Amino acid sequence: MQFLRSKKLFIILIGVIVLVALIGYSLRDRENMGFVETIINDTVGWVQNTIHAPVSYVTGIISNIDDMKNTYEENQILREQIAQQDSLLYDVQKLEEENEELREIIGMTETVRDYEPIHASVISRSPEQWMDQVTINRGSDHGIETNMVVITADGMIGKVLQISNVTATVQLLTGFDEFNRISATITKEDDQDVFGMIEGFDKESNSLLFRIIEESEKNVEEGDIVYSSEKGGKFPAGLKIGEVKEIVSDQYGLTRIAMVEPAADLYDINNVVVVDRAIEQPQEMEENADEEDES
Amino acid sequence: MIRRLVLPLVLFIIIVLEGVALELLPLQLLSGDYFIVPHWLFIFLVFVAVFFDHNDTYYSVLYALIFGLLFDIVYTGVLGVYMFSYALVIYIVHGIKKMLQGNFYVLLLLATFGIVLIEFTIYGIFSVVGMVDISIESFMLNRLAPTILLNLVFLIVIYPFSSKRLEKWKTEIPLGERMR
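Read top to bottom, the protein sequences are chains L and G.
Quick note on my numbering: the first sequence kicks off at 1 and runs consecutively.
Quick note on my numbering: the second sequence kicks off at 1 and runs consecutively.
Keep in mind that the hints were calculated from the coordinates and are not lab data.
Here the structure is a predicted model, which is why all the values come from computation and not from measurement.
It is possible that part of the hints are untrue.
Said to hold, decoys possible - Partial chain G-side listing against chain L, Cβ under 7 Å, derived:
1. 18
2. 19
3. 20
4. 23
5. 25
6. 38
7. 75
8. 77
9. 78
10. 80
11. 84
12. 128
13. 132
14. 136
Glycine residues also receive a C-beta, built at the ideal position from the N, C-alpha and C atoms.
Just need the whole structure built from these sequences, with the hints factored in.
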């Protein structure tokens with residue numbers, strides 16, 4: 001009996017050691033998943049893809065009925081908006097043409113704002129709600145890489161965390177922390193742009209924490225729109241993130257934090273676009289150069 | 001041979017369904033202050049422990065290990081957390097079940113107890129690692145209570161389909177092939 005008891009204890013102890021080792025392994029900065037993980041993710045992703053179609057059909061019907069109730073009011077608001085947009089469209093087209101002409105003159109073809117979209121559907125959402133991850137049905141086979149930004153029609157929703165061959169895991173903005181953050185900016189007139197990082201989510205007020213790193217004057221106001229910035233590396237500038245709701249000081253009183261309401265609905269996501277920055281990254285070229293040197 | 005594959009297949013389908021489970025819930029529940037975590041896999045493993053396992057077989061613990069790891073790979077990316085906590089709690093449930101009869105009320109009790117234990121283990125591990133930063137009060141109020149409630153609903157829904165079937169499968173395993 002004494003022996004049995006110690007054997008059980010032994011197994012639990014080994015279990016704890018294995019647990020610690022596994023957590024340590026998975027918390028490392030892993031760019032790519034292991035071979036086994038990729039296979040499992042691909043298989044589960046394939047099954048989820050088939051299951052997702054009927055499920056989304058049913059939930060679609062339910063939300064359609066919901067939508068039908070306020071179609072009339074929405075229609076009227078939209079009609080007004082369209083009338084306003086006609087003149088805006090004309091302006092934008094003019095500006096775009098002019099911009100292109102000017103750019104051709106100075107010989108610049110690609111900008112940090114250009115991107116190539118990869119369309120994808122969300123096939124599952126992680127049941128573990130602390131993770132705030134969703135899985136999409138496109139992977140490395142379709143050209144997706146880690147750290148690419150994922151958007152919907154309304155705005156940014158997150159970035160690609162892990163990829164397998166036919167699926168990819170997206171870290172939603174709600175799950176951002178010091179380790180998962182993106183650089184963002186608020187455009188102001190007269191070269192007074194504000195730069196900072198989106199580095200967290202406050203569940204209580206349902207808003208993103210935008211840590212202001214650089215502001216020439218304290219000129220962030222409520223209602224300012226926060227966009228992604230080209231300084232983040234892999235993603236293009238000018239993607240809408242959200243609107244400033246409130247400005248507070250951080251716990252030490254050294255920097256200011258803007259509470260940003262996300263532009264996109266982070267709980268009801270179906271179709272997304274993964275954004276691939278069109279312009280070449282100088283960083284990658286440097287890495288390549290290093291490799292060449294070594295070889 | 002086919003009989004042996006049915007149970008893992010059911011567990012696999014449940015794990016896949018968990019990913020779309022949150023879409024079936026109304027949006028107001030998700031975007032509010034509450035976290036609801038579907039532990040369907042765990043609930044079914046409790047079924048297996050209570051109705052399928054003999055006192056000396058440990059299929060439920062084995063499946064908890066395998067499918068817990070699968071859950072980690074697919075849904076969290078942090079390996080080992082669900083594997084460890086599922087296997088440990090199912091082992092404890094299996095131990096308690098030896099002293100009790102396998103009926104509906106025992107199942108309800110064991111599942112509730114199990115989910116509380118699971119949630120606390122996962123909360124403990126994640127807060128030690130530093131991935132979760134939330135006070136224990138709000139954890140119990142915003143996450144534990146709604147999670148227990150919703151998972152018990154799932155248990156009551158699948159009870160009529162699974163309990164008798166699992167007991168039938170239990171008798172079909174030949175004595176000599178039992179895993180101890």
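Hint check:
no.: 1; hint: 18; verdict: 5 Å, holds
no.: 2; hint: 19; verdict: 3 Å, holds
no.: 3; hint: 20; verdict: 5 Å, holds
no.: 4; hint: 23; verdict: 6 Å, holds
no.: 5; hint: 25; verdict: 10 Å, violated
no.: 6; hint: 38; verdict: 5 Å, holds
no.: 7; hint: 75; verdict: 4 Å, holds
no.: 8; hint: 77; verdict: 6 Å, holds
no.: 9; hint: 78; verdict: 5 Å, holds
no.: 10; hint: 80; verdict: 3 Å, holds
no.: 11; hint: 84; verdict: 4 Å, holds
no.: 12; hint: 128; verdict: 9 Å, violated
no.: 13; hint: 132; verdict: 5 Å, holds
no.: 14; hint: 136; verdict: 14 Å, violated
Checked against the numbered hints listed earlier, the structure breaks hints 5, 12, 14; every other hint is satisfied.
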